[in-house]
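**Student:** Could you build the full structure based on these sequences and the hints that come with them?
Okay, here's what each chain looks like letter by letter:
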Amino acid sequence: MSLPRSNYDPRRVCLTPFPNWSLGKHKRTMGIYLAGGLFALANWTFLDAAILSAHAHAPYDDPQIPPPVHVAFVDWLPGISSLLGMLVINLIDKDRVRGEDGFGDSRAVWRARLFLFIGFALMAGGLAGSVVVLVLRYVLPEVPEEYQYYGYANVSQNIALMLSSVVLWMSQSVSSEYEYNLSI
Amino acid sequence: MAHAGLKTVILLSFVLAVGFLMIILSCALWSNWLPLLVALIFVLAPLPNALFAHCGGDDFTADYEGSGPVDLGRFLTSIVVVTGFALPLVLAHSEIIRPGACAMSIIGGSLVYGTILAYSAAFKQDESDFD
Numbered sequence: 350m351s352l353p354r355s356n357y358d359p360r361r362v363c364l365t366p367f368p369n370w371s372l373g374k375h376k377r378t379m380g381i382y383l384a385g386g387l388f389a390l391a392n393w394t395f396l397d398a399a400i401l402s403a404h405a406h407a408p409y410d411d412p413q414i415p416p417p418v419h420v421a422f423v424d425w426l427p428g429i430s431s432l433l434g435m436l437v438i439n440l441i442d443k444d445r446v447r448g449e450d451g452f453g454d455s456r457a458v459w460r461a462r463l464f465l466f467i468g469f470a471l472m473a474g475g476l477a478g479s480v481v482v483l484v485l486r487y488v489l490p491e492v493p494e495e496y497q498y499y500g501y502a503n504v505s506q507n508i509a510l511m512l513s514s515v516v517l518w519m520s521q522s523v524s525s526e527y528e529y530n531l532s533i
Numbered sequence: 005m006a007h008a009g010l011k012t013v014i015l016l017s018f019v020l021a022v023g024f025l026m027i028i029l030s031c032a033l034w035s036n037w038l039p040l041l042v043a044l045i046f047v048l049a050p051l052p053n054a055l056f057a058h059c060g061g062d063d064f065t066a067d068y069e070g071s072g073p074v075d076l077g078r079f080l081t082s083i084v085v086v087t088g089f090a091l092p093l094v095l096a097h098s099e100i101i102r103p104g105a106c107a108m109s110i111i112g113g114s115l116v117y118g119t120i121l122a123y124s125a126a127f128k129q130d131e132s133d134f135d
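These protein sequence lines are chains A and B, in that order. Each step along the first sequence adds one to the number in this note's numbering, with nothing skipped, and position 176 is 525. Each step along the second sequence adds one to the number in this note's numbering, with nothing skipped, and position 106 is 110.
Derived from the structure by calculation, the hints contain no laboratory data. Quick reminder that beta carbons are idealized off the backbone N, C-alpha and C, glycines included. A couple of the hints might just be wrong.
Over the 10 Å line for every Cβ pair with chain B, so calculated as not near, a few chain A residues [claimed, not checked]: (1) GLY386; (2) PHE388; (3) LEU390; (4) LEU436; (5) VAL437; (6) VAL458; (7) LEU471; (8) LEU485; (9) ARG486; (10) LEU489; (11) VAL492; (12) GLU494; (13) VAL504; (14) LEU512.
Computed Cβ-Cβ distance ranges for the label pairs, DEER-style [as the list claims (entries may be wrong)]: (15) LEU463/A - SER124/B: 50 to 58 Å; (16) PRO415/A - ALA32/B: 28 to 36 Å; (17) ALA122/B - GLN521/A: 41 to 49 Å; (18) VAL484/A - LYS128/B: 31 to 39 Å; (19) VAL481/A - LEU29/B: 42 to 50 Å; (20) ALA21/B - GLN521/A: 34 to 42 Å.
**Tutor:** Below you can see the structure in the form of structure tokens.
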């Protein structure tokens, strides 16, 4: 029988292939800016829905019936879950997850992977929860078109939060080349 | 552009004044002073970068472009800039301010922020000569 390759351990469930792209220094900066922009865009998309719901009224030429749904606390829960997941993912030291057992104890790597899993589960739970909220609160009761926007805003908030987290992770795990600019 | 002259200063201050004029007009014409927040946001936008710029460590560390506080400052700056553009749009979408006020405050805000960026780019001091 052949020994497993050193970079592939069959006992490992959670393989983390890091994209070692050789991005330049400015790509990293651009990635950070892009992640921040996506983060703000995500939260403003949902806040737009919430503010719109708070100021919702029927059209002026229609009979004044109150709007059928409002943004409630249930709508905030997927975004909060995604935010927590993003926080957990970005608080992890990325060298620990990469699994170099040489330094520290080996339990630290295991714990780092556990928290990484918890973070990804929170983000995926947020995305799934937003889809659940969209279907159960806005699509199935067949509320009018302009109120289904709340649900779609919720889903796009969570997608943008996930994209922001991905961009942030990639731009932070860019292996910076050793540059010795010793100009004396 | 190390020796940007007096004309640059006059031009930039003129553009800054036009930007503030647009924002204040967007508030005053409809007597709704919420868009004034845009001016505050764009003035505060370069603050995180300025605060965290000196946490980057010295030139001899290995990852001299990528330290955590500098990244945090860039992240916060980007959030604040996008907030400045998104706030008038959200307010106009909810019919709290008029679309005209939204457009004027966005144009004024981008003029103000562009002035700040151009100023810091034109008058950037070459610090690497001294160490």
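**Student:** Checked against the structure, which of the hints given earlier come out wrong?
**Tutor:** 1, 2, 3, 15, 17 and 18
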